[in-house]
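The listed protein sequences correspond, in order, to chains A and B.
Note that the first sequence covers residues 1 to 176 in the working numbering.
Note that the second sequence covers residues 1 to 328 in the working numbering.
The set of hints was computed from the structure by calculation and includes no laboratory data.
Please note that a few of the clues may not be correct.
[Stated by the list, open to error] Cross-link-like lysine-lysine pairs, in silico, DSS-like; alpha carbons within 25 Å at most:
hint	chain 1	residue 1	chain 2	residue 2
1	A	105	A	24
2	B	289	A	25
3	B	289	A	24
4	A	105	B	298
5	A	107	B	283
6	A	108	B	283
[Said to hold, decoys possible] The calculated label-pair distances, taken between Cβ atoms and stated as ranges, are:
hint	chain 1	residue 1	chain 2	residue 2	range
7	A	54	B	309	26 to 36 Å
8	B	320	A	17	35 to 45 Å
9	B	51	A	106	35 to 45 Å
Ideal Cβ positions, reconstructed from N, Cα and C, are used throughout, including at glycine.
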Amino acid sequence: MFPSLLLVFVLPALGVPFVYFTGKKSPRAAAILVALIALVNMILLFTTVPTILNSSTHEYIERYEWIPILQSEFTLFADGISASLAIITTVLIIVAALFSVDYMKEKKNLAVYYSLLTLLSIGLVGVFITSNLLLFYFCLFPRTSSSADGDTETRTAPRSNSSSSRMQAPFSCSWA
Amino acid sequence: MLLGIGAIYMVTGTTDMFQAQATLLTISPDIVRWILLSLTAGFAVKMAVVPVHMWLPDAHSEAPSPMSALLSGVIISAGAYAILRLSLGTVFPAVAGTTFGIDFLHGLTIFGVISAFFGSLIALVETDIKRIIAYSSIAHMGYVMFGLSLFPSSPIVGTLTITAAITGTVLHLVNHAVSKGLLFLSAGAIMHQTDVRDIREMGGLAGEMPFTAVASTTAALSIGGTPPFACFISEVLIFVGAFEVITTDNFLLLPTALMLVATVISLAYSLRYLSHIFFGQAKSEVKKKIVDAPNYMKAAMAILVILVIVLGIWPTFFVHLIQTVQFI
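Generate coordinates for the entire structure from the input sequences, incorporating the hints supplied.
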């Protein structure tokens, strides 16, 4: 069986260094590379749809050996709910990358930004396509912090006194 | 959350949620209750429902708009997905049909209604463009929580075909992701082009930024639950599911009525958002010459505009896909 869901994990992981070095030369090219990786992931996710719709269990499952001492397999699965959410996630990653080309172009460290976006995409999609609780937890808690010189939101709103106090933090993206 | 996952491994000896489900049916309900509560509380934080929503507006304020689109579209949806898949799909069947199980679902209903009202009412008075959208996300997670609370409460024998309410809830996660993603991107375009984020200092931007105005209007009307945009059809499915459940559970009568009122408030803050930004006279605070968003921004918004309209008119693909799911 073609390992579609495994590739959904592996492609962005392999793509991170390529995105980083591309981003050093051309942030726009890095953004397009991130979007292309997400597009390939979307196509890979679509390849599971016929199995979901037509098989008796309505599930697409891949199992790989992972941590035998915990009897924990690297189980990747897609059913109607998880495939829907994973597909729409890849769409949002594509548009976020494209939108960033102009929105972030005055920022520095964009190679890091696009690399982290690629890394983040593993967790964003991964949470929907695993039934292993450990892997689920790893994917659910992506914590990404990027920093760039200057502060994005202060630049965009210097005249807004009412909300200026909220805009002093440097460009960051983090969640716990 | 980690405590709940660890407890599942401790009592079932497996880290696979489907294998764990079968074992959980055979163990003491006391332990299952604590696992259910701990997991749901943890996922609710991720989902940003009231009263554990405080992090979301601040996170949106600090994040750049593309990240806000992902944050509101996907990250909080993951919390809702986790409640559906793990709390309700894996653990809940072990307490289904008990008084605790019914009370648990009613508790979700109450938190859903409170979130929908709280988020909508704050969005109605907030003036920071991104915080309005953030509070709107809290309101919409209220709808989702309400939809999740319509999960069948009786013991599951054999397989359970997915209900209209759960189909609507999952579809709402999809539709909310594209609609809110579009709203955040268009807000980002406005902030980028005007250097302003207080909606009181905006006005009359429809003439200068027509493409962004169309994108914002599409997104805001969808978020407001207006046909034929995406969120309308998923909200209808949730309410159809609610009316089905009301016939067997009178408790849901008042919450369903309140949720219908909340949808009206959603439309109110959506229209206020549009009227302040795009209509009326341009404000003097915006001094620089304003042009519409650059091409890459337009391309990103165009993709989502198309999706918001297509999903509103033809949700069939995702509905078919979601309805294949069976809870065992």
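Would you pick out the hints that fail for this structure and give their numbers low to high? 2, 3, 5 and 6
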